[in-house]
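Trainee: Residue-level listing of the chains:
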Amino acid sequence: MTAKTSERIYSVSICVICAVIALLCLYPLLYTLLVSFCAPSDINASYFLPIPEKFTVQAYAQVLTAGNYIVRAIGVSVFRTVVGTVLSLAFSSLLAYALSRQELPGRNAVIKLVLFCILFNGGLIPTYVVIDSIGLTDNIWVYIFPNVINVWNVIIIKQFFEGLPKEIEEAANIDGANEWTIFISVILPMSKPVMAAIGLFTLVGQWNSWFDAFLYVSSAHSELWPLQYYIQISFNNLNQINQGNLDQLEGILNIGTLDDMTIRMALTVIGCVPVLVVYPFFQKYFTKGVYLGSVKG
Amino acid sequence: MKLGESAVRTKSLTDEIKGGAMAAKGIITVSVPLVCLICLVFCTVVSKTQSDIGFTITFRGFELFQLFFNGGAYRRYDSWGNVITVRYPMFLCIGAMAVFVILAAVAAVFALRYTVWRGRSGASALSAGICLTAGGLMLAAYIFLLFCTVPVYDYYGNAVPFYNVFEISPVFLLVGLALLVDGAIELRLGERSARKIKRFLPIYAFMAVPLAFIVVFNLYPVLLQTVLSFKNFTLSDGVWGSEWVGLYQFRLIFTDSRMLGVIGRTVYISFLRLIVGIIPPLFLSICLYDLKSNTLRSVFQNIVYIPHFFSWVVVYAMTYSLLSPEGLINSMFGTSVDFMVSTKYFMPIVIITSVWKELGWGTILYLAALSGVDTSLFEAAKIDGAKPLQRVFHITLPSIRNTIVFLTVMNLGNILKGAGGEQLLLFYSAPTQNQALVIDTWLVWYGMKELEYSLGAAMSFFQSAIGMVMVLGCNYISKKTCEVSMW
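Protein chains in written order, with numbering that gives the first Met the number 0: chain A, 0 to 296; chain B, 0 to 486.
Honestly, the hints are just simulated from the structure, not real lab data. Beta carbons: idealized from backbone N, C-alpha and C, even for Gly. One or more hints might be untrue.
Restraint-style ranges between C-beta atoms, simulated for each label pair [what the hints assert, rightly or not]:
(1) K111/A x R198/B: 18 to 28 Å
(2) V15/A x I274/B: 19 to 29 Å
(3) D373/B x G175/A: 42 to 52 Å
(4) M189/A x R198/B: 17 to 27 Å
(5) A176/A x A139/B: 15 to 25 Å
(6) L23/A x I465/B: 43 to 53 Å
(7) L111/B x K111/A: 56 to 66 Å
(8) Y278/A x F41/B: 16 to 26 Å
(9) A176/A x T233/B: 32 to 42 Å
(10) A139/B x G175/A: 44 to 54 Å
Please work from the sequences and hints to get the whole structure.
Mentor: Right under this line is the structure:
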């Protein structure tokens, strides 16, 4: 009897704990979303969830029309996300395919080199010197080229390729298919799970990144700033930002009848919606990806 | 008859492949020293800067010939039409000439080995030996010239230490390395592997572009970092022209109290993150694992993973909306405390938001490990009357002990890098800047902004070196104690 009650208490309490944690995970997102639809009078009057009395999309309209800074920033973000992800997947999988060929002369040396790059990286300043010296500062390709090869991803994809059955490859080889054909029409179609997982991580990483803009793109070239960086400077933590573009942004923040907070939250929602939209499509692949990545790596 | 014919044809075919592969090898081995020679003749190999008058002359290889025939004196007109004379000691001129002769000789020996001496035994070993010796000599000379001072006479006729005024271009280094590789190719590449390499040529072509990216964006910064951290970088001299100062920067890191403070704070914050990165996810994953309903579990799982995909900027924005003076907490209590800029709340905010972001994500590895646990153990324990919490402590936790140890050990290895500089850069404000001063933020605020490139490079060199040793060591320990490792 007591055993049964304790079982029941246990299963109810873990259920409650999980539910509370899940709610806590969603709550800030929900709050942000609701604030972004609020008229200014609604926010301060409310408690946990500001339910807008008058549902308004004015903040979004204002953000997307006032000057075209934000629209251009979204364009930069989309560019870096799409091009960056495609190039990164293409070149990482090419290298991984080469390294997955066990009989390739020199393979071990290259693998050791890749592992070395995982363990030892040239820190912030040397990387800055290199990027500056090849003319990538204040250049939109600074978002793409340094991120093309992520050494971890190469190892993960290589691990996956090595697990594929060798027979199909050999059969294709006997049929006279060349390496390129084998890679494109035999290996890649079999590798959807790992490609989806790595693709998602790269995509999210590119969309979410602001640090490279902060380091490599000066305020004189604010047309190259991605959305995340705009969101960042729209908050009050402005002491490390150059004055250049502040005025433009302040312009957006101060016009109209809306609260600052509403506009900031609208920006934030625009900044995280794409990630939320792609998440369900990749959701079944990424656990596998992270597991491959961290244990077998 | 027919059989014999096909056998002959097969033999001639293999001969042809063999011949082709060998010819390719021959072309590679001969062309490497020739390309090196051409590079040295036409590239800048030595440059001379006189910083006090802001004047630079560069010597290309063929100008070194002139130097040799002029007995070490070199004359040139500067942009104002003045004659400038630089005088080198003779042994350097002879050395420079010798480099050209040696390169030509190596190419010639290889050419002979693939034509006249083709069948002769020992020809391969001999030519490879000569090539390797030449490469070794060039490297030795390069290092010698980097670290010694050879007197030369400057524009005004004063003797000055060689290296302060002259910069040997890294081309020398590359040539030495190329020769070593060339020798290794000759020595290690038998006929069979030569054939293999020919077969794999398309694969090598696949690797070319990605490897170029790795060299430029991963390896070259490592080289620069190593060089910079032993120099004293000044903007006017550039990376290669700055003065060598040996271990000065490292000594500064370990003796300067401010730097030690930065390192200490890095370790402290990393350690906090390590603890909250391991225990709360462990707790959550045990709860998730013990849920009865599979649908409920996967719903919860998919929800708790979401925050991981938000950027730190977005997380900062959300935190701001809750904690700023006009945010939720303040409007609920009718107060106006600015939590975001108060020194008292800075660390709790940083740690709690990072728990919020990574809590769900951290459960993935634990849940993966738990999915391998034999469920009949739980049934048996239940029959024996074990209470739920007893089952957690006696079955669940011990069965994922290895994963816990592995994660702890790996995070310990990253202790100098795990302070989360990106988050701190977003969350700090003027009053809390000192609390946010860890290695990564120091690099941005002081290393970059105040042009302390050398100290910054030394700092990240130290960070990487310690990280590498610790990760390898911890990986080894983890492999020994719990049979889980990175590779």
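Trainee: Each hint should be assessed against the structure and marked as holding or not.
Mentor: Here is what the structure says about each hint:
Our hint of 18 to 28 Å for K111/A and R198/B holds, since their Cβ atoms are close to 23 Å apart. The supplied range of 19 to 29 Å is met by V15/A and I274/B, whose beta-carbon atoms lie about 25 Å from each other. Against the hinted window of 42 to 52 Å, the Cβ-Cβ separation of D373/B and G175/A comes to about 49 Å, which satisfies the hint. A C-beta distance of roughly 23 Å is found between M189/A and R198/B, which places it inside the suggested range of 17 to 27 Å.
Taking 15 to 25 Å as the suggested C-beta distance range, the pair A176/A and A139/B does not conform, at roughly 49 Å. Evaluation of the 43 to 53 Å hint for L23/A and I465/B yields a failure: the beta carbon distance comes to about 36 Å. Distance hint for L111/B and K111/A: a CB-CB separation of about 35 Å, inconsistent with the stated range 56 to 66 Å. The hinted range of 16 to 26 Å is not satisfied by Y278/A and F41/B, whose Cβ atoms lie roughly 55 Å apart.
Checking the proposed 32 to 42 Å range against A176/A and T233/B shows it is violated: the Cβ atoms sit about 57 Å from each other. At about 51 Å, the beta-carbon gap between A139/B and G175/A stays in the expected band of 44 to 54 Å.
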